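Generate coordinates for the entire structure from the input sequences, incorporating the hints supplied.
Protein chains in written order, with the UniProt record's numbering: chain A, 1 to 326; chain B, 1 to 326; chain C, 1 to 326; chain D, 1 to 326; chain E, 1 to 326; chain F, 1 to 326.
Hint data in this document are derived by calculation from the structure and do not stem from the laboratory.
Identical copies look the same in the list; a pair holds intra-copy or inter-copy alike.
Calculated cross-link-like contacts (lysine to aspartate or glutamate; reagent style DMTMM-like; alpha-carbon spacing at most 25 Å):
1) K314 to D236
2) K134 to E237
3) K104 to E299
4) K314 to E240
5) K183 to E293
6) K150 to D305
7) K314 to E176
8) K33 to E293
9) K314 to E237
10) K314 to E122
11) K33 to E299
12) K183 to E114
13) K234 to E122
14) K150 to E240
15) K33 to E65
16) K32 to E11
17) K32 to E12
18) K72 to E24
Predicted model only: the values in this text are computed from it and were never measured.
6 protein chains.
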Amino acid sequence: MAKRLFDYQNEEDVNLPVLIKSAEVRIAKNGKKFIAFNFQDQSGHISAKYWNASEADIAQFQPGEVVLLGGKRELYQGNPQIKINSLRLATQEEGNNPADFMEKAPEATDEMSEALNEFIFEITNANWNRIVRKVLADHQQAFLTYPAAKSNHHAFAGGLAFHTLSILRLARSVAEQYSAVNKSLLYAGAILHDLGKTIELSGPMSTEYTVAGNLIGHIVLVDELVVEAAQTLKIDENAEDMLLLRHVILAHHGLLEYGSPVRPQLLEAQILHDLDELDASINMLTTAYQHAEPGTFTERLFGMDNRRFYRPSKGQTYPDPGLQSK
Amino acid sequence: MAKRLFDYQNEEDVNLPVLIKSAEVRIAKNGKKFIAFNFQDQSGHISAKYWNASEADIAQFQPGEVVLLGGKRELYQGNPQIKINSLRLATQEEGNNPADFMEKAPEATDEMSEALNEFIFEITNANWNRIVRKVLADHQQAFLTYPAAKSNHHAFAGGLAFHTLSILRLARSVAEQYSAVNKSLLYAGAILHDLGKTIELSGPMSTEYTVAGNLIGHIVLVDELVVEAAQTLKIDENAEDMLLLRHVILAHHGLLEYGSPVRPQLLEAQILHDLDELDASINMLTTAYQHAEPGTFTERLFGMDNRRFYRPSKGQTYPDPGLQSK
Amino acid sequence: MAKRLFDYQNEEDVNLPVLIKSAEVRIAKNGKKFIAFNFQDQSGHISAKYWNASEADIAQFQPGEVVLLGGKRELYQGNPQIKINSLRLATQEEGNNPADFMEKAPEATDEMSEALNEFIFEITNANWNRIVRKVLADHQQAFLTYPAAKSNHHAFAGGLAFHTLSILRLARSVAEQYSAVNKSLLYAGAILHDLGKTIELSGPMSTEYTVAGNLIGHIVLVDELVVEAAQTLKIDENAEDMLLLRHVILAHHGLLEYGSPVRPQLLEAQILHDLDELDASINMLTTAYQHAEPGTFTERLFGMDNRRFYRPSKGQTYPDPGLQSK
Amino acid sequence: MAKRLFDYQNEEDVNLPVLIKSAEVRIAKNGKKFIAFNFQDQSGHISAKYWNASEADIAQFQPGEVVLLGGKRELYQGNPQIKINSLRLATQEEGNNPADFMEKAPEATDEMSEALNEFIFEITNANWNRIVRKVLADHQQAFLTYPAAKSNHHAFAGGLAFHTLSILRLARSVAEQYSAVNKSLLYAGAILHDLGKTIELSGPMSTEYTVAGNLIGHIVLVDELVVEAAQTLKIDENAEDMLLLRHVILAHHGLLEYGSPVRPQLLEAQILHDLDELDASINMLTTAYQHAEPGTFTERLFGMDNRRFYRPSKGQTYPDPGLQSK
Amino acid sequence: MAKRLFDYQNEEDVNLPVLIKSAEVRIAKNGKKFIAFNFQDQSGHISAKYWNASEADIAQFQPGEVVLLGGKRELYQGNPQIKINSLRLATQEEGNNPADFMEKAPEATDEMSEALNEFIFEITNANWNRIVRKVLADHQQAFLTYPAAKSNHHAFAGGLAFHTLSILRLARSVAEQYSAVNKSLLYAGAILHDLGKTIELSGPMSTEYTVAGNLIGHIVLVDELVVEAAQTLKIDENAEDMLLLRHVILAHHGLLEYGSPVRPQLLEAQILHDLDELDASINMLTTAYQHAEPGTFTERLFGMDNRRFYRPSKGQTYPDPGLQSK
Amino acid sequence: MAKRLFDYQNEEDVNLPVLIKSAEVRIAKNGKKFIAFNFQDQSGHISAKYWNASEADIAQFQPGEVVLLGGKRELYQGNPQIKINSLRLATQEEGNNPADFMEKAPEATDEMSEALNEFIFEITNANWNRIVRKVLADHQQAFLTYPAAKSNHHAFAGGLAFHTLSILRLARSVAEQYSAVNKSLLYAGAILHDLGKTIELSGPMSTEYTVAGNLIGHIVLVDELVVEAAQTLKIDENAEDMLLLRHVILAHHGLLEYGSPVRPQLLEAQILHDLDELDASINMLTTAYQHAEPGTFTERLFGMDNRRFYRPSKGQTYPDPGLQSK
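The following block contains the structure:
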């Protein structure tokens with residue numbers, strides 16, 4: 001199997017096709033333009049600088065293009081980067097299919113869709129069940145392909161659905177261990193909680209915040225979808241069960257400072273918030289461990305209050321931080 | 001004209017009809033029950049304790065009843081209260097009409113309704129104009145009669161509409177002084193910003209938070225009304241002007257910690273937030289000054305970060321803190 | 001089966017044996033002494049005032065005594081209390097055994113001990129396994145009978161072990177779902193994390209903080225036990241695996257403000273902190289729901305940032321908030 | 001009329017006289033010196049780098065000089081800058097008059113002075129009136145020409161007086177709408193509140209903080225001027241009206257964290273603080289909108305808690321964000 | 001020597017003259033008035049309730065009167081109080097001299113005045129020396145007799161001067177140990193830093209905050225005295241040495257949140273702040289230890305962030321916490 | 001005597017031996033490598049960039065080497081740096097002894113050791129005395145040679161012991177001035193409080209945090225040494241005096257946010273915390289003054305909340321900020 005970006009060591013010569021994830025044109029201290037690239041394939045992403053960029057270079061090396069990259073992997077201020085020796089667009093024959101280079105959720109779209117359906121099946125409250133099906137049906141495609149965030153955690157294609165499924169699996173364990181939990185409410189809230197990201201974010205590639213994302217935010221965006229679905233399905237949005245569902249969604253960031261307009265005031269709202277943080281943390285740390293050598297600390301992680309985490313030495317009976325499985 | 005509650009001095013005998021605003025049954029140190037009353041008429045409200053309450057007393061002296069009160073005004077830990085000597089229900093002949101005893105906005109409902117219409121007339125963006133008219137029409141009665149808060153500021157019948165109008169009048173001054181302001185957006189946002197309180201609060205008397213008020217909150221409740229109105233009126237809720245209007249409403253508490261899911265990111269959102277705080281502060285301080293003697297400090301005001309304010313001495317060329325006029 | 005404290009309704013006559021959980025002597029407004037009691041049996045605890053207490057009353061009605069209580073259940077400022085009509089010490093024949101009246105963990109001590117051993121069996125790192133066995137053996141009795149807190153969560157006999165087991169069960173689910181987790185480290189940390197409470201707290205009844213608890217705190221107290229055990233067992237306390245274990249324990253409060261001297265810097269430290277909070281929250285909420293009527297809000301919960309939680313109406317397909325089972 | 005800095009588009013050739021606002025000498029990565037310029041004319045200011053600067057260049061291109069600038073406008077990391085092709089000092093014939101190039105308040109000094117006098121005329125308390133006239137007379141020239149801040153808001157010549165006038169105009173609207181307001185106190189406080197900036201800042205050009213500004217701060221500096229004026233005018237500084245005036249000035253930053261030694265404890269102190277923030281915010285946002293394209297977000301604004309603001313699309317019925325008029 | 005208040009044990013009969021420190025009239029649950037007294041002599045102060053107070057009682061038992069008190073010392077909710085059996089005004093013959101009953105600084109006024117002069121003698125900068133002498137001379141009497149605070153620390157007659165002297169003595173040690181310290185500046189700042197309390201507080205007995213104290217605060221009040229003294233003495237208030245002195249005074253609370261308008265930006269300003277806190281803490285803790293039994297915790301101390309402190313057991317080689325000596 | 005680093009002025013040619021304190025390899029904008037040096041001798045440290053570094057340069061110019069440096073002192077963005085003209089390793093004949101170039105405590109190791117012993121002699125509690133001697137004996141060498149911090153304060157060889165001694169000298173003054181202080185406890189706590197830094201830090205040169213330092217922290221590390229010493233010496237670690245000593249050490253950072261697991265709850269714990277901050281502040285400020293010109297502000301000091309401090313003009317009767325003497 002062909003070598004991928006993270007199969008190379010530092011100081012090793014690099015030669016492989018990669019996808020341009022981002023390409024920012026800047027001006028160097030010598031007054032000439034250069035391109036600050038971020039390249040990726042399914043093994044991860046890495047930065048590189050392309051000096052003395054001509055206008056033609058700038059025109060052709062756009063985000064979303066697949067390029068053939070020759071150079072060397074180096075350490076720059078502790079972080080790996082590629083020193084570029086050669087760069088050109090890949091031809092169709094060479095496999096110019098951007099989708100082949102994107103990081104993806106560890107489960108296939110079909111599997112995730114099926115797994116979701118099994119959880120929906122267990123939502124026994126009819127209103128909640130109908131609302132979930134309606135909203136999900138309206139945004140199915142985006143829900144299964146969008147990342148869960150621009151960066152931070154689950155920032156890969158399918159990340160939104162995968163993050164949702166991971167929470168649902170944790171939720172099942174919790175509901176089995178604690179009999180007071182209303183499983184239907186917890187599942188319905190978990191499925192919908194981040195679905196507003198399909199409006200907040202621009203899509204699976206070169207992900208940015210939309211104007212709606214900035215001005216309204218994904219928490220309120222999905223709440224609006226819920227009340228509109230209720231209006232369409234002729235469900236009384238002010239019935240208690242509908243208030244409970246909306247509350248669980250609105251409160252899932254836990255603190256007002258984190259953008260929830262209300263703090264959790266239901267057992268299930270508190271649990272959803274806690275599981276959301278737990279799964280996001282595990283995903284961030286697992287990803288960070290992959291980029292740190294055993295026996296060293298990771299970079300500071302913005303999503304974890306700028307903490308650095310220690311990846312224990314190999315000698316330990318320690319698992320490899322592969323992507324989390326089910 | 002008959003004397004009202006706040007026309008009496010300390011140590012003066014009191015004899016007048018009042019409305020029972022609240023009546024809480026408690027147990028005294030001697031094991032007997034008493035009723036902790038809050039009486040009101042249009043001049044304000046005052047507390048009183050009714051000792052050795054019988055079950056019959058408890059049954060008849062309910063919130064919303066008009067009673068004939070005999071007693072003496074006294075100071076208790078610096079605050080005025082009534083020492084009750086006699087208490088009985090008022091008869092119909094004696095004028096048992098609760099509405100006559102409620103604190104009210106200084107403007108009549110009709111005047112406020114008319115003044116509002118003049119502002120709506122100046123909203124030149126068609127979508128904003130239609131949304132405002134639709135949402136207002138659906139909640140007209142409550143909007144004109146509800147208070148703006150359970151306590152804190154504008155906690156009187158019609159307070160919600162009066163607070164809204166006060167902000168609109170400030171907004172007109174600001175829009176005239178600063179030409180960059182989009183007057184239509186500022187007016188539309190001002191009219192709708194607190195309208196969710198018609199769902200958040202239980203009504204003009206014995207005001208409490210509803211379950212929807214606690215679990216969803218008035219900011220999101222009115223945002224939901226806006227998107228549902230758009231759905232009904234076939235206005236694209238994701239058109240930029242609709243995003244702007246929703247943003248101005250959602251951001252009006254200014255800080256995430258105060259319950260806005262997004263902070264102001266538009267000039268008009270920032271202005272609405274600032275004027276909302278300005279009018280609320282002036283109302284709270286004017287009310288507090290009314291209950292403090294010249295040359296002394298008010299009680300600590302919860303809504304003003306627990307600060308006490310100084311009411312200057314009479315000798316000063318100082319206006320009487322009457323209720324604010326237009 | 002005999003009726004217990006929480007089998008009575010408001011306004012119902014009460015007649016049953018209870019345990020005195022606390023008894024505080026105060027002076028009433030009439031200058032006479034009274035006793036503020038807190039009575040309990042296994043169904044919960046409730047307060048009551050005993051007026052005009054004689055010195056003999058004060059001498060005999062001490063915490064830890066079983067008494068025969070006659071009176072009526074009433075509501076006082078929204079909370080239930082007992083109005084005392086008669087009170088006397090129970091005789092031996094009447095069943096004066098305090099242990100029969102204490103709230104207890106829903107699992108028996110033996111079962112919990114056995115379940116713990118199964119988890120210890122899965123700790124494959126020899127140093128961690130030996131340290132856990134040594135420290136646990138030295139504090140076995142207290143560990144199985146102490147509460148997990150003076151009030152807040154798991155404040156009942158056996159609460160410390162039950163809380164620990166609940167976390168271990170959640171930890172098993174997480175370790176199965178996320179392959180990067182070092183299960184041995186997570187289990188060892190979970191078992192030891194709160195064990196310092198056997199020194200911090202005074203015991204299962206009339207629980208108070210000890211001087212060591214106040215001046216050192218349970219987090220450092222158990223860390224000290226770990227290094228002393230290492231010294232005894234001739235394990236190098238500065239070997240990496242020992243640093244990891246101590247870190248997981250020291251960091252389990254998550255934030256410096258909450259008393260951890262370091263923040264989590266290991267995947268397992270972060271997970272233990274999150275699961276600790278999750279289990280504590282569920283326990284606090286389940287307990288609070290038991291004391292709230294369906295369709296109402298609980299009291300403000302100190303351990304949950306003073307939030308009130310809503311217990312949904314019976315009409316909902318909602319489980320009874322019984323004590324959580326396994 | 002000749003083109004000015006902000007009449008040019010990106011990628012357009014630039015050729016015009018500008019004022020050097022600041023010129024910082026730095027060392028490039030190639031070891032040679034360059035000058036980081038900030039050029040300005042009355043349309044705004046823009047940065048530029050001058051590579052390989054000789055000692056002669058450094059000596060002549062000083063802040064305060066007018067230069068003839070040839071180059072091209074470009075985007076650098078999203079912000080406009082000038083790429084310099086040629087640069088030389090302007091001759092007297094070419095119009096080397098720095099004052100012609102400084103951003104100025106939108107009203108002339110004379111008009112502002114006259115407008116201020118009208119407000120002073122309405123201060124009916126004799127002590128306040130005399131203090132205001134005395135302090136203003138002692139610092140008239142600086143008050144009319146200084147900026148209101150080094151950067152942030154009203155950072156242009158005459159900005160201090162213009163900001164003061166804007167607040168006074170808002171204050172008039174508020175005093176007319178709310179009858180409880182003491183107009184004399186509000187006006188006197190508004191005129192003096194920022195006058196200490198004439199000592200805190202170094203002057204209208206190349207504005208820096210003075211040592212007195214850093215060690216004492218403008219709030220206390222003007223309070224000291226007030227007590228010294230009282231001493232000179234033989235007014236009792238401890239009479240109540242003098243305490244009120246000093247309080248309104250000292251409290252105008254609203255929060256201790258923002259440098260006020262006391263929080264507002266008077267209605268007028270609270271209003272002055274609110275209007276100060278309102279006018280400063282509107283000025284910051286209007287300026288930021290001028291530098292952002294319609295349909296995009298501004299830069300992060302330091303003075304607005306690092307928020308970015310959205311400038312709506314042209315299609316909207318939106319006013320051009322010209323400098324605010326009266 | 002006659003027994004004083006704190007020479008009595010709990011449950012011991014009490015019979016001695018005391019000073020009424022405060023007397024608040026309240027209404028009991030039975031509707032009758034009572035007086036909540038705070039009695040004091042030089043050994044400390046203690047509270048007591050006087051039931052069924054007649055109007056004559058209220059008229060005669062005013063703060064500042066010496067009374068003969070008969071009763072019993074009791075514990076009420078963990079705090080000592082007196083149960084009053086008899087109470088009457090002391091006659092002149094019985095020694096009705098309030099000053100004999102006030103807590104005082106452990107050094108005599110004359111000694112403190114002399115000790116201060118020795119420090120002033122060491123201020124070698126002429127401007128600082130003249131300013132200190134002038135301001136001190138204008139407020140000498142108050143400076144030597146006022147407390148340093150209403151409650152919290154050094155809340156006794158002469159406390160302000162004693163606190164100042166304690167800081168000066170610490171300052172001397174520090175200046176001797178660290179040669180970089182400007183001793184003149186540190187001494188001048190220390191002497192003046194709290195002198196504004198002679199205006200902020202009402203006097204040595206029944207100490208309250210004045211209106212000037214509330215609206216301006218002691219930090220700015222003394223700064224104003226300094227600039228007025230400079231104006232009188234024809235010292236340039238803007239010379240650098242005068243800026244330094246004013247800065248040291250203004251910054252002595254260390255943080256803006258604590259009321260300093262600027263944070264320390266001079267070595268001596270930082271040291272003065274640190275020594276001010278150190279001496280205040282030691283005074284608060286020593287006083288609290290005096291009221292706690294060995295082997296117990298003190299009450300929560302408001303001035304120490306509500307912490308409780310542990311007074312070690314007698315067995316320890318621990319000094320008695322007498323009032324601190326020089 | 002030969003000139004040292006801080007004897008040179010800006011723009012002066014430099015020629016002297018220095019120690020390489022740190023050497024970081026980076027990549028310049030032209031794609032070539034350069035070394036960012038930090039050179040030091042006993043007068044201080046200064047940065048420099050070495051352009052176009054060859055692999056041989058990188059290999060030989062390692063931290064810890066003495067080099068002969070030729071170049072010029074320049075200002076770069078307000079901070080001094082060296083422009084390198086020539087650089088080569090020093091030979092043994094030229095005095096290649098790193099220890100000669102390290103900043104050191106102003107007292108010799110022997111003197112400090114002796115001075116420490118005198119303080120230990122005054123610890124009259126036998127347990128505390130034995131524990132201090134045992135722990136100190138086990139870490140004597142490191143204690144006398146380590147710095148007190150990686151950067152911030154006392155970041156020089158012997159800084160840990162010197163900081164400790166400075167606190168002890170302040171402690172002596174305080175104990176003499178305030179008779180309630182337990183001198184033995186204060187001294188024992190002062191000696192041990194930072195001793196965990198001998199494990200937290202890597203050593204006197206190129207100081208870094210160890211894994212134990214990051215994961216456990218110096219506060220808990222020394223507490224563990226104390227309990228292990230007690231175990232070895234057969235002292236009951238739970239006797240009250242041992243709790244007191246551990247508390248004083250654990251609480252010395254004062255606030256939970258600063259890493260203390262408990263806040264001070266003993267007089268001596270509070271004093272140790274205050275003196276620790278006082279000595280650290282004075283050291284940081286004295287060092288910063290040495291690098292600032294009279295009449296200017298220092299850089300922002302990270303350890304002082306990013307404040308800048310003003311170094312007064314020479315004209316003042318101001319001492320030179322030499323290193324603090326005893």
